[in-house]
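Order-wise, the sequence lines are chains Z and W.
The first sequence lines up with residues 1200 to 1554 when you count with the numbering used here.
The second sequence lines up with residues 1200 to 1554 when you count with the numbering used here.
I should point out that these hints are in silico values taken from the structure, not numbers from a laboratory.
Keep in mind the model is a prediction, meaning the values are calculated, not measured.
Among the hints, a few may not be true.
Note that the list lumps identical chains together, so a pair holds whenever it fits in one copy or between two copies.
Said to hold, decoys possible - Below are the EDC-like pairs computed for lysine to aspartate or glutamate, each with C-alpha atoms no more than 20 Å apart in a straight line:
1. Lys1264 x Glu1500
2. Lys1492 x Glu1270
3. Lys1509 x Asp1483
4. Lys1382 x Asp1424
5. Lys1553 x Asp1519
6. Lys1508 x Asp1414
7. Lys1509 x Asp1414
8. Lys1509 x Asp1424
9. Lys1392 x Glu1544
10. Lys1506 x Asp1329
11. Lys1512 x Asp1424
12. Lys1531 x Glu1402
13. Lys1549 x Asp1519
14. Lys1382 x Asp1240
15. Lys1301 x Glu1270
16. Lys1392 x Asp1424
17. Lys1531 x Asp1293
18. Lys1548 x Asp1208
Protein chains: 2
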Amino acid sequence: MYPYRQLFDFTREIFLQMGCPPKDAKLAAEVLLEADLRGVDSHGVARLSGYVRLWEAGRINVTPKLRIVHETPSTATVDGDGGLGLVVAPLAMDIAIAKAEKVGTGWVSVKNSNHFGIAGYHAMEALSSDMIGIAMTNASPLVAPTHSTERMLGTNPIAVAIPTQNQPPFVADFATASAANGKLEILQRKEKKAPIGWIQTAEGEDTDNANELKDGGALLPLGSDLTHGSHKGYALASIVDIFSAVLSGANYGPWVPPFVSFLPVADNLPGEGIGHFLGAMRIDAFRPADEFKTHMDNWIERFRKAKVKKGEKAVLIPGDPEREMTEERLKKGIPLLSPVEKDLEELSKKFGVKL
Amino acid sequence: MYPYRQLFDFTREIFLQMGCPPKDAKLAAEVLLEADLRGVDSHGVARLSGYVRLWEAGRINVTPKLRIVHETPSTATVDGDGGLGLVVAPLAMDIAIAKAEKVGTGWVSVKNSNHFGIAGYHAMEALSSDMIGIAMTNASPLVAPTHSTERMLGTNPIAVAIPTQNQPPFVADFATASAANGKLEILQRKEKKAPIGWIQTAEGEDTDNANELKDGGALLPLGSDLTHGSHKGYALASIVDIFSAVLSGANYGPWVPPFVSFLPVADNLPGEGIGHFLGAMRIDAFRPADEFKTHMDNWIERFRKAKVKKGEKAVLIPGDPEREMTEERLKKGIPLLSPVEKDLEELSKKFGVKL
């Protein structure tokens, strides 16, 4: 178990060593570690060495100059200048929030960025301003559209955070694939089988082989198969891709650059970097904030009281499991798998930073 | 087979007989028939007698006076005055579009409305203004949250329409349940079994009984079970419910009034009528419109060329099947099931309107 503070300080120090300005290094560490706190272990410090390798490959600009390249009172398109998504996305969200302050809502599409950590962090940024926050991003292609055998879309997550009065906020944050790649990685490490409906083979057949992606297989969209609505998951992932990248001028679909540095970036790219889409809606742009929040509490209380299936403990509200995990890990520390520990030790040596 | 024109004229005449002003009757008929054209048979003329019964029960105001009750430059909350959703939603979408013209995007939450037909119609309204259109609505509770046996959410659809240059537009329109209730109704009429993963029994067990909803069963969220991401479908349906109803002041969750007139409306409702959420985003609020549309064409062309699974014809773009169906039905006419024909004949007699 590693205390949050220890991993945070280490991560910030690594970003500093990479050349990030102190403010950016702190922000990037905060965003990255939020994943570990919330139990999304695949998106936290486990990825730190991946960011380092991308930087070593010259694919991350540690001193980006963000520019608004296009705007209206309620929108902006931001050029992330090849910066860390962990830094670019919070600044883009600040722009969305500032626009919402003025005209009710703000919507920012971002190009020329990199992986932004967990979508939920960025959506939650809006909560303290009594706004609904929305965050999505495209990502390296791993998911095959319905009827296809080709990886055309990322696991393209959507996060929506909604303010409340006394209840904890509603925070949905989910991949638009039937299972996020992180869940698969856990099965791979434990050498376990995957449930049917998560992955298909290179020929598009069902498989329970958690390593099938290495043999040309693909993840399946939310819904898993056409009968159970995979065309809906495919449509959702497509919407995320278009809002994040076709609106902004980033790369889309199969052209999204891979997160891993050992895979080459394709030639003749249609855009720059990867794309995000961030939104903020003032709740008092629709009705008085107290009124909204009281009803939101009522919504949550009613759903908590919904009849529970035999054998289950409770009906959960989006955000419940992650909040409980955060409380636990702030208290007891964050567990790391041994390959992740090894990764961090290597970073520690490479940069001369104490873990 | 019924020619489109014949069903349109009949439907408009029925709305006129109910007392709708001529402009509203025409609009309502157009929205309703769009479902039949696009092959969403459950949401078209098959529902006409349902609207009539709601009107007879005093639950539809045929001469509503829409009011904006709250607004900012990019948002509005609309009171539908108990009108037909078929009429209220297009007017609310007009407001969203007008706001987008001025400040880049427009977002309208609607309360005190009724069933609005297919979401896709309303989203597509934005296309001719070179805007992305978004439409969602809550609906009578039929879907159980993950871990629950209680019907807490409607099949709460989401539609997103995106402009293109030479390609047909991208139009996604889907229920956030694993299968829409209309698909179940078709199985019921044909006395067929439902696939496992669409419905659960009153106790929350898997079932293939297409009539299970009559015995206290529930539809399942997109994803079907927790392993395959039903918590994501549950979150999506919840977001639609909150945007449509908690933002506007409509009824939400289990309190949404039933579409069928024979079910009572609950006491102590937390809001008024059902709710919708409509959005319009100018594409040139993010980048020059031509640039966006050229890349959108490229996106679509690339996805059409994605490798196809053996035994399948092609990778489809959201909106393809509905567009082909529309072309076919405008040419060959609209097929009606005999119970629907009987329904229309009864309406014909009741109102003295020739079918």
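_List of violated hint numbers, smallest to largest_ = 1, 3, 5, 9, 10, 12, 13 and 17
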